[in-house]
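2 protein chains.
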Amino acid sequence: MQKVQPRILSGFMELLPPDQILFNQMRDTIRSVYEKFGFLPLDTPVIEYSEVLLAKAGGETEKQIYRFNKGDNDLSLRFDLTVPLARYVSEHKEDIAFPFKRYQIGKVFRGERPQKGRFREFYQCDIDVVGNGELSLIYDAEMPVIIYNIFKQLDFGPFVIRINNRKILNGFFASLNLTNEASDILRVIDKIDKIGQEAIRKELSEMALDSAIIDKILTFINIKGTNDEILVALEKMGVKDETYLLGVEELKEVINHLRTFQMPEACYQIDLTIARGLDYYTGTVYETNLKDYPALGSICSGGRYDNLTGYYTDEVLPGIGISIGLTRLFSQLKDQEIINSERKCLLDALIIPMDDSCVNYAIELASYLRQNDHKTDIYYGMKSIKAKMKYANRLAVPYAIIIGTEEVANRTLTLKNMQTGDQESVDFANIVDKIR
Amino acid sequence: MQKVQPRILSGFMELLPPDQILFNQMRDTIRSVYEKFGFLPLDTPVIEYSEVLLAKAGGETEKQIYRFNKGDNDLSLRFDLTVPLARYVSEHKEDIAFPFKRYQIGKVFRGERPQKGRFREFYQCDIDVVGNGELSLIYDAEMPVIIYNIFKQLDFGPFVIRINNRKILNGFFASLNLTNEASDILRVIDKIDKIGQEAIRKELSEMALDSAIIDKILTFINIKGTNDEILVALEKMGVKDETYLLGVEELKEVINHLRTFQMPEACYQIDLTIARGLDYYTGTVYETNLKDYPALGSICSGGRYDNLTGYYTDEVLPGIGISIGLTRLFSQLKDQEIINSERKCLLDALIIPMDDSCVNYAIELASYLRQNDHKTDIYYGMKSIKAKMKYANRLAVPYAIIIGTEEVANRTLTLKNMQTGDQESVDFANIVDKIR
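So the protein lines, in turn, are chains A and E. 81 is the number of the first residue of the first sequence in the working numbering; add one for each residue after it. 81 is the number of the first residue of the second sequence in the working numbering; add one for each residue after it.
Because the hints were derived from the structure by calculation, they are not lab data. Hints are not guaranteed to be accurate.
A pair counts as met if it fits within one copy or between any two copies, since identical chains are not told apart.
[Claimed, not checked] Straight-line C-alpha distance at most 25 Å; calculated SDA-like pairs for lysine to any residue:
hint, residue 1, residue 2
1, LYS296, TYR228
2, LYS466, VAL506
3, LYS150, PHE92
4, LYS414, ASN440
5, LYS320, GLY461
6, LYS463, LEU89
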């Protein structure tokens, strides 16, 4: 028969089991923290009407969409989880209680030109709180607290959540009469970590800003220090713009709330260069970096938006959210050897019957272990003991339980610790506690 | 602004949070049983090369595929999890240990004409064991044991796993010189539960079978009784075909293994009418029914196949697997009111501060509860106490924790059981145990 070469598309992540176990553990950790903070699960369709998904999109986003016709329908695959959320709350606003806290963990699709660290299909792990008309500023502090809880648990080393407020940026540029240029300038500033200060100056001068203005912009984004020092410096800037002053007020309040949450100060830092490329943010914005691995870029980002649902409804539904791009994060952590799946195994024990006559006893033992919440498997293949142990080794199982005729006769088992190589005889009745 | 009507496509399931919680609990139960039996997680791409996914497909399947071009690539969305598994094991056979036990829980896509109970996007929860060259018949018994463990835990009432062996069917038809007609006849027989015996007779006679043959077929598929009675009757049929005899031998062995696994006899039943429409099954096949709801049809099906990977590799990789169509199952169970999400809530408690001055204490309390693994939220909105309690009610939260100035002063809290309405004062330090 003519064979088809088994392969997948580039830009799609598919893992071997040990990596998949590790990936799922990370995903489960994220989910459990989201649930602990009261977020409700949501699972929107992968395929939606293009008209609905692309209500807001345009430019680069639209080019990346997987879009196609089926029957009479113009369809697209979701490219993020935020637009489906906006559609969902607009559609179901009578059926949900506000503030609506939801999480969604799922794949999204972007047909980008594949390059290292970029994926065409990737997991996003999102939370958002959506209010009806109003939304407490305390949520702006809750987001970093959630990020903190996740990354503390995931244990990739020290991290810092960088916080800014778009109102400060927008107000600052308004005070320079650069409101129309603001979003372009923000886009340039957003790259400061990647391209450095001089390149920023160069790009800004190419935008026909005079050097006094550029100096002011650079002075502003260079305000550094502790969170309190930065707040003081922002007030001392003498900017009279109301949006600016409101932004400073909000930022101060968020920092205060973070102290109430008892966030360790080392884990969050006001950073006036954070703008987030996306147009829809209107208040607090976040990025998160691993301190020991700055090259990874932001591993968790988000912010507040006033009106994401404007394309679907007249009601004002402000929200705030964060997103973890798990596929990219996992891939980077693996590349940097920050995570390691070498001995990843879900099983507690693999039972190895020496021959056919031991299988019934092995099944009895497996049933007993499973009833007591031990993940257990049996190797049924009738190969040599060497081949059987090799299988146990490849699975990286912590314990092998070897069953020969003697064990069957005495209702015992031989327990082998696969890491130390130690072996001991254990009574059937004692095995549950022995491997707990 | 011109609004886009927020809506999704028909044939796509999207749930409100209480239903989603219930759905996820079912999915988690299935996953945990799969893992307890040693299945490894897999997560293949949603999008694959059409050439790869459709290597085997044709006819009805191919018409249903979501297929499109992006750049130079001819792409399709996966329509099941079995073909991606076949591709995966062929592609990675050097990197995985055989027997390879994997589970995959994920969405698949079929652009069918939508009708009640049919979905275009739906979850499949699959397990398969794939061997390299050989695969113990004990796995044929392990599958029903896993089905049993899942549906016992899901608790939808009594169920029966119906078991057959395709070799018995194929051999029986060979003995009647109907090998070429066998798959057509099997397709007819497969409908017996839906259309009844007389309709089957009619359809078979339309296939130009003479009535003596039809009588034999009906006699055969009407063999009833206990599992042991059926096995005896099959041996007494006097069919000499070797495939038939091998099938009876296999079936007998599977039933014996099920007894070793101590499966309750009431939960499995040999049923010679089970054929499964799919062509690739070659041995044991299963269907599962809820005894009290026969109209639901099979809620978990599967079987053994000798060579699913033939399109990708010359190596013989036999397998056996089962699948639960969770989206359809959930939808049917809801419709029949077998499941109910009315009081579904993930939160253990919702903290309600009476006014702004109580928020800091509320945050302190929430942090303490979360640290002790209680899912906890705070209602920050500054509405009336009535509105706040209404929110707690809509969330169906088991406990509301009300914080007023007195509670703050005394470091206590007012705990309200939302189901009984009972209220009591509790010390801060005692709350963790109180709501456990």
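Quick rundown of the hints versus the structure:
1. Taking the closest pair of Cα atoms, LYS296 and TYR228 never come within 25 Å of each other, the shortest separation being 33 Å inside a single copy and 71 Å across copies.
2. Only within a single protomer do LYS466 and VAL506 lie at most 25 Å apart by alpha-carbon distance; the minimum there is 22 Å, versus 61 Å between protomers.
3. Proximity of LYS150 to PHE92 under the C-alpha cut-off of 25 Å is found in both arrangements, the shortest distances being 23 Å within a copy and 14 Å between copies.
4. For a Cα distance limit of 25 Å, the shortest separation of LYS414 from ASN440 qualifies neither inside one copy, at 42 Å, nor across copies, at 40 Å.
5. When the C-alpha separation of LYS320 and GLY461 is checked against a cutoff of 25 Å, the pair qualifies neither within a copy, at 78 Å, nor between copies, at 30 Å.
6. In this assembly of identical chains, the alpha carbons of LYS463 and LEU89 never lie at most 25 Å apart, being 37 Å within a copy and 52 Å across copies at closest.
Of the numbered hints given earlier, the model fails hints 1, 4, 5 and 6; all others are met.
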